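With the sequences and hints as input, model every part of the structure.
2 protein chains.
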Amino acid sequence: MGDSLPRVTDRPTPVSDQARAVKAASRALATASTTLKNDALLAAADLLEGRSADVLAGNALDVAAAEDAGIAAGLVDRLRLDESRVAAMAGGLRQVATLADPVGEVLDGWVRPNGLRISRVRVPLGVVAIIYESRPNVTSDAAALCLKSGNAAFLRGSSTAIHSNTAVAAVLREAVSKIGLPADSVVLVEDTSREAAVEFMQQRGLVDCLIPRGGPSLIASILENATVPFVIDGDGNCHVYVDEHADLDMAESIVANAKLQRPSVCNAAESLVLHADIADDFLDRIDLVLAGVELVGDERSRSLLDRIEPASPEDFASEFLDLKLSVKVVDSLDEAIEHVNANSSGHSEAIVTDDLRSADRFLDEVDAAAVLVNASTRFVDGEEFGFGAEIGISTQKLHARGPMGLAQLTTAKYQVRGDGQTRG
Amino acid sequence: MGDSLPRVTDRPTPVSDQARAVKAASRALATASTTLKNDALLAAADLLEGRSADVLAGNALDVAAAEDAGIAAGLVDRLRLDESRVAAMAGGLRQVATLADPVGEVLDGWVRPNGLRISRVRVPLGVVAIIYESRPNVTSDAAALCLKSGNAAFLRGSSTAIHSNTAVAAVLREAVSKIGLPADSVVLVEDTSREAAVEFMQQRGLVDCLIPRGGPSLIASILENATVPFVIDGDGNCHVYVDEHADLDMAESIVANAKLQRPSVCNAAESLVLHADIADDFLDRIDLVLAGVELVGDERSRSLLDRIEPASPEDFASEFLDLKLSVKVVDSLDEAIEHVNANSSGHSEAIVTDDLRSADRFLDEVDAAAVLVNASTRFVDGEEFGFGAEIGISTQKLHARGPMGLAQLTTAKYQVRGDGQTRG
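Protein chains in written order, with our numbering: chain C, -18 to 405; chain E, -18 to 405.
If you are wondering where the hints come from, they were derived from the structure by calculation, not from laboratory data.
This structure is a prediction, so every number in the text was calculated from the model and none was measured.
One thing to keep in mind: the hints can contain errors.
[Claimed, not checked] In the DMTMM-like style, the derived pairs of lysine to aspartate or glutamate whose C-alpha atoms are separated by at most 20 Å in a straight line are: (1) C:LYS4 to E:GLU316; (2) C:LYS4 to E:GLU346; (3) E:LYS4 to C:GLU319; (4) C:LYS305 to C:ASP279; (5) E:LYS4 to C:GLU346; (6) C:LYS4 to E:GLU319; (7) E:LYS4 to C:ASP345; (8) C:LYS305 to C:GLU280; (9) E:LYS4 to E:GLU155; (10) E:LYS305 to E:GLU295; (11) C:LYS4 to E:ASP345.
Below you can see the structure in the form of structure tokens.
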């Protein structure tokens, strides 16, 4: 790096060689002290600001290539870095340094009748692999969370951001090695071919956990190709159910917030379920609030509000990520729960109600990572839950479910202490 | 069932139809009270004893077929049931009824600055699929643990035990439905073809967790074919490292216990690692104790004890499950840890030492589900850990690591309670 432009090597290292290197580095990182890990994060933040010219030079190459390729202006904007975005990336590294270190937490412990003392202790996973799409800040954000939780970071970004990612990774590697951790604590795969992506998903025995950050095609590729353990950061077909016992003012503000505050994210609402007793009143009020939103619905909702277009079964199963909302009218809480469970992607599901029994039944019977009573689905993320940062939101049930912070980047180890016990 | 022989249907229901039925049943089971679940387990125990003639008749068909096929006597014996083995299966069901119900446990909870109250609550996984080899008691043991943890059990046993498994499953289904839970809380796949096994591993969206109970070829098939989330109950290449600071009497009894007490199980020791300073003395003592054990080792160990045969690299990576042990001499704790980490299957690893620093370093730096100081590796199982029962021992890092009891058959759900909060 230094004064030359960031460079993508002509003949990239094979992915499996890189995986072995990152695995070897993970041993040192697993037992690194919190102080050392924080020093690495702070050094990386300083160096990122100090080398922002390198990073911006790399980014300029990516932006130029994206513009040449005729990529939509919105996407090019997401790709583009400037001094303030680099400063924000550095700020992210510093913020992760302030978070509590999850490693070493004693989760529980007990003594057996034979005197064996058993503790379950939180330890790093080892190598966390992250495959992600265009935004270059994911490179530093993901590496920071991995480092803080004692994991080596194995990263694979998209070709669109390759020069930016290469520059950022080089800075991170230099910073961690400067404070005495292996440079291979952070390894970026520079080969952006599809074959390399598949290879990246198949480093069994070297990668302890793979996390995708991207859209449905990336998820589908993981499901098809991955042979390493993974956690799916899946889509959010989130419902808000307005119960017959709802405070309709509250329901109005929650529905508006869940749909409108940031429609492009996974915890935005995609579907509105209404109890028949309040459906007419509620559609009257919400019509104006949702004036800019395309509505599709079942026949009953369409009989109450003219502008609702017919919904296909796919509409009820879709994450629109847009100003579009499906509407369904139900006769009972049972029907609402059944509809939600049949269509939910298992992300976040909300009920608005003043009835205790409806609230309790919805909380118990709806099968999702997060269920909410009288609150917007938009609260379901790591920051809003108080985790300080998140690597994603898991929609699967194994290992981690819901927002994933530092703790979800760890596993547990049993430590058993005896004084010569043998089994009879 | 009743007075007719247990029968395997000629044209089995497609696996996907069965998966849909068990998924539907899982909804009712997820919110069933502990009392109801215990009643089901006790009813199943009583019915299993009451119908033991049916079960034994089915088993007789399997045993006859196995004998006709010339299957080894030891395996036929594992397959064979008698009144006392059926009584033991019933006892297992009753014992699971006495265990604490993990469902509903509040794992943690906090209040956010905006007043949102967040709890993380233990909930069933939904559908737990178990694929297993010949012993018919797994049918009732696995179903019991699933039921108690609020999960529907989707079972696929081997063709060798199909009539026994069918009879046991019929009894369990009758018992749960008699006390008011869906019969499909327990579903056995009667199609024992290889195609059905692969289909069983691919019911994505219907099966929440797949657990294999069997040998390396079953695990390999899961890794190759499964598209549902799974937890690997893998093999145990367990080491005992005798440190230079070990009490050699203690080391002798621990090594003998770890190797000899039950050589055929995953937590038995397969490899002995000796510090050079005590290697000669220790091999002298252990030679007699391990008289019936085939020893293979590195050159240094062979120079100390004549009867040690040369070990291949595969020997150091092997789970023998037999009266065979690999021996390696090292010069330092570092070398011991490196050797263990390079060859470990991540199951259970032990050190014998009186030195605090050696103990702490081994506990911290060895990467396995369980690490032990001055105790036999044989203690690493659900019963010995105090879980009451186990479904297996996970050698993976995601979701569950080490012995899996009822708690490991659950996931968590965030319950968020507000009073109208929206995100700013």
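Which numbered hints are broken by the structure, listed smallest first?
No numbers; nothing is violated.
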